[in-house]
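Chemist: Protein chains in written order, with my numbering: chain S, 1 to 368; chain E, 1 to 304.
In case anyone wonders, no lab produced these hints; they're calculated from the structure.
Please read all numbers here as calculations on a predicted model, not as lab measurements.
Just to be clear, a hint being listed does not mean it is correct.
Facing chain S, a subset of chain E residues (Cβ under 8 angstroms, in silico) [unchecked claim]: (1) Ile96; (2) Leu108; (3) Phe281.
Restraint-style ranges between C-beta atoms, simulated for each label pair [claimed, not checked]: (4) Gly187(E) x Ala11(S): 14 to 22 angstroms; (5) Glu92(S) x Pro90(E): 45 to 53 angstroms; (6) Pro126(S) x Arg180(E): 53 to 61 angstroms; (7) Ala11(S) x Glu87(E): 32 to 40 angstroms; (8) Pro127(E) x Pro98(S): 50 to 58 angstroms; (9) Phe19(S) x Phe159(E): 25 to 33 angstroms; (10) Gly159(S) x Arg180(E): 52 to 60 angstroms; (11) Arg298(E) x Asp228(S): 26 to 34 angstroms; (12) Lys329(S) x Arg180(E): 32 to 40 angstroms; (13) Arg221(S) x Leu181(E): 38 to 46 angstroms; (14) Arg185(E) x Leu125(S): 39 to 47 angstroms; (15) Leu240(S) x Phe159(E): 38 to 46 angstroms; (16) Phe347(S) x Gly274(E): 36 to 44 angstroms.
Where a beta carbon is used, it is the ideal one built from N, C-alpha and C, also for glycine.
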Amino acid sequence: MRRRDNVALGARAIGVAAFVVVIAILPRFLSDFRASEMARVGIFFIALVGLNILTGYTGQISLGHGAFMAVGGYASALLIAGRPGLELAQLEAPDWLPVGDGMRDFWTIPIAALVAGAFGFLVGLPALRLRGLYLALVTFALAVSVPILLREPEKLTGGTNGLNLFGTTEDRLTGAIDNTVHIPVLGKDMTFNDWTYYLAWTVALVGLAIAWLILRGRSGRAFKAIRDSEVAATSSGVSLASYKTLAFAISAAYAGAAGALLTILSTIVTPGSFPVFLSIQLLIGVVIAGLGSLGGLMFGALFLYYLPVGIQELADIGSLPNGLQDAAKSPGMPSVIYGVALILVLFLLPRGAAGFLRRLLIPLTKRL
Amino acid sequence: MSELLQQVVIGLASGAIYALLALALVLIHRATGVINFAQGEMAMFSTYIAWQLVQWGVPYWLAFAATIALSFGGGMALQRVVIRPVENAPVLTVVIVTLGLLLIFNGLATWLWSGEVRTFPPNRPFPTRTFEIGGVVINVQDIGIVLVTLALVAALWAFFRFTRAGLALRAAALYPESSRLVGIRVGWMLGVGWGLAAALGAVSGMFTAAAFPPLEPTMMQAVLIYAFAAAVLGGIDSPAGAVVGGLTLGVFLNLVGTYADDLQNLGFPVNLEGLRLPVAFVFILAVLLARPQGLFGRAEARRV
Numbered sequence: 001m002r003r004r005d006n007v008a009l010g011a012r013a014i015g016v017a018a019f020v021v022v023i024a025i026l027p028r029f030l031s032d033f034r035a036s037e038m039a040r041v042g043i044f045f046i047a048l049v050g051l052n053i054l055t056g057y058t059g060q061i062s063l064g065h066g067a068f069m070a071v072g073g074y075a076s077a078l079l080i081a082g083r084p085g086l087e088l089a090q091l092e093a094p095d096w097l098p099v100g101d102g103m104r105d106f107w108t109i110p111i112a113a114l115v116a117g118a119f120g121f122l123v124g125l126p127a128l129r130l131r132g133l134y135l136a137l138v139t140f141a142l143a144v145s146v147p148i149l150l151r152e153p154e155k156l157t158g159g160t161n162g163l164n165l166f167g168t169t170e171d172r173l174t175g176a177i178d179n180t181v182h183i184p185v186l187g188k189d190m191t192f193n194d195w196t197y198y199l200a201w202t203v204a205l206v207g208l209a210i211a212w213l214i215l216r217g218r219s220g221r222a223f224k225a226i227r228d229s230e231v232a233a234t235s236s237g238v239s240l241a242s243y244k245t246l247a248f249a250i251s252a253a254y255a256g257a258a259g260a261l262l263t264i265l266s267t268i269v270t271p272g273s274f275p276v277f278l279s280i281q282l283l284i285g286v287v288i289a290g291l292g293s294l295g296g297l298m299f300g301a302l303f304l305y306y307l308p309v310g311i312q313e314l315a316d317i318g319s320l321p322n323g324l325q326d327a328a329k330s331p332g333m334p335s336v337i338y339g340v341a342l343i344l345v346l347f348l349l350p351r352g353a354a355g356f357l358r359r360l361l362i363p364l365t366k367r368l
Numbered sequence: 001m002s003e004l005l006q007q008v009v010i011g012l013a014s015g016a017i018y019a020l021l022a023l024a025l026v027l028i029h030r031a032t033g034v035i036n037f038a039q040g041e042m043a044m045f046s047t048y049i050a051w052q053l054v055q056w057g058v059p060y061w062l063a064f065a066a067t068i069a070l071s072f073g074g075g076m077a078l079q080r081v082v083i084r085p086v087e088n089a090p091v092l093t094v095v096i097v098t099l100g101l102l103l104i105f106n107g108l109a110t111w112l113w114s115g116e117v118r119t120f121p122p123n124r125p126f127p128t129r130t131f132e133i134g135g136v137v138i139n140v141q142d143i144g145i146v147l148v149t150l151a152l153v154a155a156l157w158a159f160f161r162f163t164r165a166g167l168a169l170r171a172a173a174l175y176p177e178s179s180r181l182v183g184i185r186v187g188w189m190l191g192v193g194w195g196l197a198a199a200l201g202a203v204s205g206m207f208t209a210a211a212f213p214p215l216e217p218t219m220m221q222a223v224l225i226y227a228f229a230a231a232v233l234g235g236i237d238s239p240a241g242a243v244v245g246g247l248t249l250g251v252f253l254n255l256v257g258t259y260a261d262d263l264q265n266l267g268f269p270v271n272l273e274g275l276r277l278p279v280a281f282v283f284i285l286a287v288l289l290a291r292p293q294g295l296f297g298r299a300e301a302r303r304v
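With the hints as extra help, turn the sequences into a complete structure.
Modeler: Here's what the structure looks like:
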């Protein structure tokens with residue numbers, strides 16, 4: 001038994017190491033454009049790692065993680081711009097709001113995570129007294145409400161137009177001037193897309209490590225106990241309210257970091273960047289990823305990003321039959337396919353991609 | 001004073017629309033213990049069907065009736081095909097399936113009818129004439145919407161209370177095992193529940209398109225949130241509660257919108273005019289925390 005455990009741990013360590021190496025050298029084999037796409041996959045990946053802590057490990061649903069991404073995204077944008085940047089955009093922050101005088105983009109990521117985490121804590125405090133179904137309802141309403149709330153203080157957030165960082169704060173957005181400029185990073189020159197790729201995936205790997213540290217310890221065990229049986233967990237002395245709120249806050253912090261990265265990549269943030277659809281998308285991602293394996297999460301992130309993009313590309317190169325060609329070009333098509341995929345996964349692979357992989361791999365690893 | 005009364009009447013009309021959709025949510029929740037997140041998009045899709053029929057030259061009221069019938073059949077088919085396979089799965093799995101349906105209906109409507117805004121012919125289903133009683137200007141359309149809603153609710157109540165089919169439906173929802181033993185086809189009864197809900201949603205959608213034009217794929221999203229709030233206020237299992245909750249919420253939100261400026265002048269920190277959805281969110285949260293069983297629901301006991 002012990003030997004089996006060691007083998008499993010070793011196999012996992014090798015898997016993680018291989019994952020890190022692939023991520024580190026991938027840009028050498030990708031075009032600049034593909035690197036920027038993979039940066040966006042990284043954003044989904046971070047949000048999914050966080051959401052998985054809440055749904056996969058703690059068993060609580062959230063249909064509102066897009067809202068936490070929005071909070072992180074706006075926090076990051078405000079910090080990058082700072083008071084001088086806001087003034088240039090003819091906006092202003094109230095005196096009590098510590099937006100600072102402008103900050104380098106990557107330093108805003110941890111702060112955005114903290115802000116979103118705190119917001120998640122505040123929302124989670126009342127919401128997590130609710131059982132599953134009501135929690136779904138409340139978080140759904142949250143996903144609808146937050147973009148509207150962010151639009152409202154027009155003087156601070158720029159209303160529907162949002163905050164455009166481009167042009168006002170060039171020296172604080174690392175290299176977001178244009179793609180041809182090469183950014184010196186650690187003594188090497190990088191293009192903007194390579195830079196955002198490495199930024200996103202560094203955050204992702206750090207986030208993954210933190211998630212592992214949290215989940216292997218006391219909190220992780222408490223989370224799983226709550227998921228498996230609330231009654232049994234309470235009887236064993238696990239405080240439901242505090243651990244549920246903790247899980248909610250942690251996963252909101254991941255969403256916040258993802259939102260900050262989205263701001264940095266797009267150099268603009270608007271209420272429209274975080275529609276309800278985004279929240280549902282993230283839930284689809286974890287459902288498809290299945291319970292908590294690295295491979296599953298990666299697959300989920302790739303699926304979320306490449307489904308709409310892939311359909312579009314297929315339509316563009318015209319390799320589809322005539323009737324489908326128009327359908328694929330419709331903006332409604334990705335929704336339909338997301339929906340069908342979601343339902344099919346629930347029918348056919350209730351454990352998601354991770355469970356599917358495991359079922360494929362079990363016969364192989366049993367021999368070890 | 002007449003200003004206030006007038007806003008109350010307007011609020012009742014939008015409240016009736018929320019009540020219809022809330023009633024649909026309640027029907028499904030009573031039958032299967034699930035909240036159907038696709039209810040709003042299903043209603044939107046039904047409304048597009050009505051629009052298409054009118055476009056093809058079908059007289060409005062015929063299209064109205066046909067849409068209700070089609071929606072009933074469609075809702076029933078959905079339950080049989082999509083919901084039945086996950087019947088015994090955890091509630092949240094079923095909720096996620098309904099989210100899948102939400103995406104599918106939204107995408108299908110965008111694909112089939114494009115995202116462009118459409119409008120129904122004017123003065124349908126009710127004329128938009130106004131008349132005046134004691135200084136209060138009342139729109140015929142608002143009265144029509146409220147009356148039809150009340151009539152539908154009464155008919156539904158009578159159906160559940162006085163007919164054999166209604167009794168079988170209630171039995172199937174409450175005691176599926178025993179119902180099966182006395183020969184009720186429980187599966188089909190749940191299907192009928194979904195059908196009824198879809199039909200109610202269709203009416204709600206067609207009224208929304210009339211009272212708050214235009215017709216577009218996103219039109220029911222806000223209404224769905226309001227319907228959630230109404231259903232929660234009434235107690236998610238109570239049809240009467242859904243109606244009272246819907247009407248209350250309609251009036252409340254309309255007054256919030258009307259008096260937003262005055263509230264702000266009185267020292268309220270923000271203008272609530274554009275914030276009705278967040279207000280509804282706070283409303284849902286407050287009701288669930290203070291009185292989770294709502295106004296008319298029964299407190300729930302959990303067996304350990």
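Chemist: Indicate, hint by hint, whether the structure satisfies it.
Modeler: Results for each hint:
no., hint, in the structure
1, Ile96, "holds, 6 angstroms"
2, Leu108, "holds, 6 angstroms"
3, Phe281, "holds, 4 angstroms"
4, Gly187(E) x Ala11(S): 14 to 22 angstroms, "violated, 46 angstroms"
5, Glu92(S) x Pro90(E): 45 to 53 angstroms, "holds, 49 angstroms"
6, Pro126(S) x Arg180(E): 53 to 61 angstroms, "violated, 40 angstroms"
7, Ala11(S) x Glu87(E): 32 to 40 angstroms, "holds, 38 angstroms"
8, Pro127(E) x Pro98(S): 50 to 58 angstroms, "holds, 57 angstroms"
9, Phe19(S) x Phe159(E): 25 to 33 angstroms, "violated, 59 angstroms"
10, Gly159(S) x Arg180(E): 52 to 60 angstroms, "holds, 57 angstroms"
11, Arg298(E) x Asp228(S): 26 to 34 angstroms, "holds, 29 angstroms"
12, Lys329(S) x Arg180(E): 32 to 40 angstroms, "violated, 48 angstroms"
13, Arg221(S) x Leu181(E): 38 to 46 angstroms, "holds, 44 angstroms"
14, Arg185(E) x Leu125(S): 39 to 47 angstroms, "holds, 45 angstroms"
15, Leu240(S) x Phe159(E): 38 to 46 angstroms, "holds, 42 angstroms"
16, Phe347(S) x Gly274(E): 36 to 44 angstroms, "holds, 41 angstroms"
The earlier numbered hints that this structure contradicts are 4, 6, 9 and 12.
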